[in-house]
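Novice: Each chain is listed here by its residues.
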Amino acid sequence: MRTAANSRTEMNDEIGAETRLALYRSQFAIRSVEKRAYDLFLQNLIKGTSHLAIGQEAVAAGFAMSMKPEDWSFCTYRGHAHTLARGASMTGVLGELMGRECGLMGGKGGSMHLTDIDNGVMGSYAIVGAHLPIAMGAAWSAQYRGTDQVAVCFFGDGTTNIGAFHEALSMASIWKLPVVFVCENNLYMEYTPIAAVTPVKNPAADRASAYGLDRILIDGNDVDVVYRTARSAIARARAGAGPSLIEALTYRHHGHSRADPAKYRPTEEVAAWMKRDPIPLYRQRLIESGVGEPTILAMEEEIKQAVDQATDAAKSSPPPADELIYKDVWANGGWAWRN
Amino acid sequence: MAELTYRDAVAAGIAQEMERDNSVVCLGEDIAAAGGVFKATVGLLEKFGPLRVRDTPIAEQAILGAAMGAAMTGLRPVAEIMFSDFLAVCWDMVANEIAKTRYMTNGQISLPLVIRTGNGGGSRFGAQHSQSVENWAMAIPGLKVVAPSTPADVKGLLAAAIRDPDPVVFFEHKALYATKGEVPDGEHVDTLGTAAIRRQGSDVTIAALGLMVPRALEAAERLQAEHRISATVIDVRSLVPLDTRTIFAEISKTGRFYTVEENPRLCGWGAEISSLVAEELFWDLDAPITRITTPHVPLPAADRLEDLTIPSAARIVETILKTID
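First to last, the protein sequences are chains Z and S. The first sequence begins at 1 in the numbering used here and counts up one residue at a time. The second sequence begins at 340 in the numbering used here and counts up one residue at a time.
Isolated chain Z (complex conformation) (with noise of 0.2 angstroms):
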């Protein structure tokens, strides 16, 4: 597995300060957006269901930092974070979730489909496993198009027991196509223990032989490293030798979604995670590297002004328009289905 034991370096490495300050503003930006996330669901002013990612941030970061603005990614219901990471607006995120005119797709779509195309984001897939194919499929676009461009797609532990897995896998493997897949595994399968349900103890990792792939298992909770193995297996995807598999370890610290208190997780690994939660370790990295505190601290408050800045856009902006109902069904922008 890949840890920080073996890819610890110094700030003036091939990673360099900016980024690393990039990866830290990307990682707590997300952390702000998803607690300010709840906090309007306990307001009531979210409805619906979310599916929070915090304590998972430093794959969605990692990952987008190495994307080039034309890549695509593909994500699950639990997406708010590979969204945000890509660059959508904030305000179209909380509004999205909030269900307001000024949400990403005017409120149409809810929490668990976000999707932003100016920024790559090719949308949040709420049916398990059905994102992977279309992931590779865009990818085929790609190489047949010749255009440098890679699909990412992330999804959880529970994907890997679904059969579009195994299809996209396999077929993404046969025509050699420029897609990576993320698998986020955060050790439960929604209310399951992933364990319980898998017959293998890694469920990504373990299968990849399967496609004629390399086992890739990383620490997903340790940015570096996620950073580091994304832009290799995207580097790979771009100069035509094919797909890649990874699996990074993550914990997620609240429940699936909003109606789970995750109570079936044990104290001892809730605490053990909440040890290892990626941000204040990446914040000690930093300042330990010779990052000053003061600049970790302005940023920090740019980021939590920003987020207070969205939610009151998002709340003072109006609900969808009536007439949103019967738009978009059609690419001629309406539903008719008879004349």
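These are calculated hints, taken from the structure and not from any lab test. Just so you know, these numbers come straight off a predicted model, no measurement behind them. A couple of the hints might just be wrong.
In silico DSSO-like pairs for lysine-lysine, Cα to Cα no more than 30 angstroms straight-line [to be verified]: (1) Lys439(S) with Lys327(Z); (2) Lys661(S) with Lys68(Z); (3) Lys176(Z) with Lys68(Z).
Once you've looked at the hints, dock chain S against the given chain Z.
Specialist: Just chain S now, with coordinates in the frame of chain Z:
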């Protein structure tokens, strides 16, 4: 005009569009080297090469997922699902992903793709390779649904489906692949959402689809010759969008309306049309609407049983006579 088989018209329609537009690509099981299990894609691999005409594993979710991912990033894929029964294997892609993505993303994502599939009975394949499932697709907002009955329509409507900016499910009838018909020379592009009047009559109006169109026409000839009943036959061709204008105009002329549906009875496409007619055209009717459908059973395999299950020309004649007497 050249005479083509229904199956050759499929390849001709795809080839016409692949020639004019490099973004058109094909994928599916056995479609390339083997030319398709129904030989409907013969010659495409030789003409357009393996990058544009791709054989896939037996993996329907991957086929439709690939088509969707490719469509949202600039291609116009034509995906084959060998038997329409197999749509059940990848129904998530059809019903949840492809149909809803434009709407859910507030128009950010377009999916110009075609799902071609072999539909219908008459081949003694049994209940899992013979179904008429066009009504499944019709029930999902966001899908256009087409089912041609002639070689000319196959070519013209397939070309239109490929050019259409929305996802189209294209039901080819397996029992029609060997039939022949005149197909216009040169570029031929039809219009989605239009019905065709195949026979003009004055006593009854029959709406049919796919294989039921030639059977309705045969029934109409017998009604005329043996019973002096003059029937209009409408080939519905497109379930979504539905050409209610043409259908309603013909019903108004005769006052008697029949549907001939290969799908099992419950929630068949004719039920929707009948309900529209009852709501909007009631005062033009001289008699109750009658639906002639496959009974609500899975299809049996034995030739005798299958033939008795799917509506035949004889059953159409019989039903119409009974309701007119």
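Novice: What hints, given by number in increasing order, does this structure fail?
Specialist: 2
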